[in-house]
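Put the complex together from the two separate chains, hints included.
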Amino acid sequence: DTEVTQTPKHLVMGMTNKKSLKCEQHMGHRAMYWYKQKAKKPPELMFVYSYEKLSINESVPSRFSPECPNSSLLNLHLHALQPEDSALYLCASSPTSGKKDTQYFGPGTRLTVL
Amino acid sequence: GQQLNQSPQSMFIQEGEDVSMNCTSSSIFNTWLWYKQDPGEGPVLLIALYKAGELTSNGRLTAQFGITRKDSFLNISASIPSDVGIYFCAGPTGTASKLTFGTGTRLQVTL
Chain R
1 DTEVTQTPKH
11 LVMGMTNKKS
21 LKCEQHMGHR
31 AMYWYKQKAK
41 KPPELMFVYS
51 YEKLSINESV
61 PSRFSPECPN
71 SSLLNLHLHA
81 LQPEDSALYL
91 CASSPTSGKK
101 DTQYFGPGTR
111 LTVL
Chain W
1 GQQLNQSPQS
11 MFIQEGEDVS
21 MNCTSSSIFN
31 TWLWYKQDPG
41 EGPVLLIALY
51 KAGELTSNGR
61 LTAQFGITRK
71 DSFLNISASI
81 PSDVGIYFCA
91 GPTGTASKLT
101 FGTGTRLQVT
111 L
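So the sequence lines, in the order shown, correspond to chains R and W. End of the first sequence = 114 in our numbering, gap-free, step of one. End of the second sequence = 111 in our numbering, gap-free, step of one.
Okay, chain W solo, but in the shape it has when bound (with noise of 0.2 angstroms):
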């Protein structure tokens, strides 16, 4: 089946830098979305992207939808210690409900 393949696996970071991670597929998508989850929770959505090129804001999260539709970016900007968590890109594959995730970047922000 289809896979998404995000990087890095995880990071460390202190408190007030950007993060960039990515998510990349063999296949093309028309849809990616940005989730994040925290642990013992369920994922929450931070931004959907629905247009190659595309670029969407969320506060200090920014999404962008990769030109060839086979990648996707997300950057946040002055971290903070809650944007601890695991991350996960995702995008609809096959028939329309079926939902397929990323592999995850799991952020840690230290003081």
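Extracted from the complex, chain R is given alone in its bound form (with noise of 0.2 angstroms):
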């Protein structure tokens, strides 16, 4: 299985709206990472977590919370987001997280906030 699974493909929410982000793997990859990307734009780096610890958070808002709960599966819960958070939602994991180590990314999530 060399795959990254993420749930939902799209999401609508509304300012005021909880919602979650679900991303899995099951290459027994340690490193974890999450992305966002806008349109006609390379992804982003938002936060990584190396064996289930946040090890970078590159200045997110708090408004996005991330969580891994166990070493395949990574959420990103998401709280009173603002229209301009629309965007492509990346995870992505890598045997390590190494220079070495190549990143694989999952599909997805297109999140529109109205």
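Think of the hints as simulated: they come from the structure by calculation, not from any bench. No experiment lies behind these values; they were computed from the predicted model shown. Any given hint could turn out to be false.
[What the hints assert, rightly or not] The list that follows gives simulated cross-link-like pairs (lysine-lysine, DSBU-like), each with its CA atoms no further than 30 angstroms apart:
| no. | chain 1 | residue 1 | chain 2 | residue 2 |
| --- | --- | --- | --- | --- |
| 1 | R | K22 | W | K98 |
| 2 | R | K53 | R | K100 |
| 3 | R | K9 | W | K70 |
| 4 | R | K41 | W | K70 |
[To be verified] In silico contact screen, one side only, chain R against chain W (beta carbon under 10 angstroms); selected entries:
| no. | residue |
| --- | --- |
| 5 | Q6 |
| 6 | G14 |
| 7 | M15 |
| 8 | K18 |
| 9 | A92 |
Quick reminder that beta carbons are idealized off the backbone N, C-alpha and C, glycines included.
Printed below as a string of structure tokens:
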């Protein structure tokens, strides 16, 4: 199994809603990532988890709250988002967080904030 | 922060043509990655390069790690319609986990 899965594929939410994005991998990878991608732009790193511990937070607003319940799962909890947070949210994983470890991406969740 | 600039920004080519694109940086990279992204999907890894001067192929795709370690090149031979998409170069920067993506090259293939 060389796949990273993400649910849901699409999500529409209001600014007062609370929702969660989910990511799962069964490759035994110990590093997992959240990226945000706006239209016609490259992905931008948000968070990195290494061995289930948060190792990098790229100054992401607190309305985005990541969680890594175990080595296979990564969640992104969303609360009080703004319309400018609408984007494609990508999850990725790699064997470890080493420089030579290739990151494999999921298909993304297309988020629209109304 | 470090920036990766890709050129061309977009290309319109005919099926069967060869394609060349490149990625340049103002600083040295020790790893170069090439990804392809289809609309509404996540990036898919095409080729990974780990050594200056390295030339690696994956089917019709060939990528090279520039000897200055500040650039990389991707060639696609005999393009087909499914080659349509955005091609990103990427490399780890700063701490090990941070992957910086290039600006992307959008490829359109006409029949």
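Do the hints match the structure? See the list:
1. R:K22 with W:K98: Roughly 21 angstroms separates the two Cα atoms, so the pair holds.
2. R:K53 with R:K100: 20 angstroms, holds
3. R:K9 with W:K70: The given pair, whose Cα atoms are some 36 angstroms apart, is violated under the 30 angstroms limit.
4. R:K41 with W:K70: Holds - the C-alpha atoms of K70 of chain W and K41 of chain R are around 21 angstroms apart, at most 30 angstroms.
5. Q6: 8 angstroms, holds
6. G14: 23 angstroms, violated
7. M15: 24 angstroms, violated
8. K18: This interface hint is violated because 25 angstroms lies over the 10 angstroms limit.
9. A92: 8 angstroms, holds
When each numbered hint is compared with the structure, violations occur for hints 3, 6, 7, 8.
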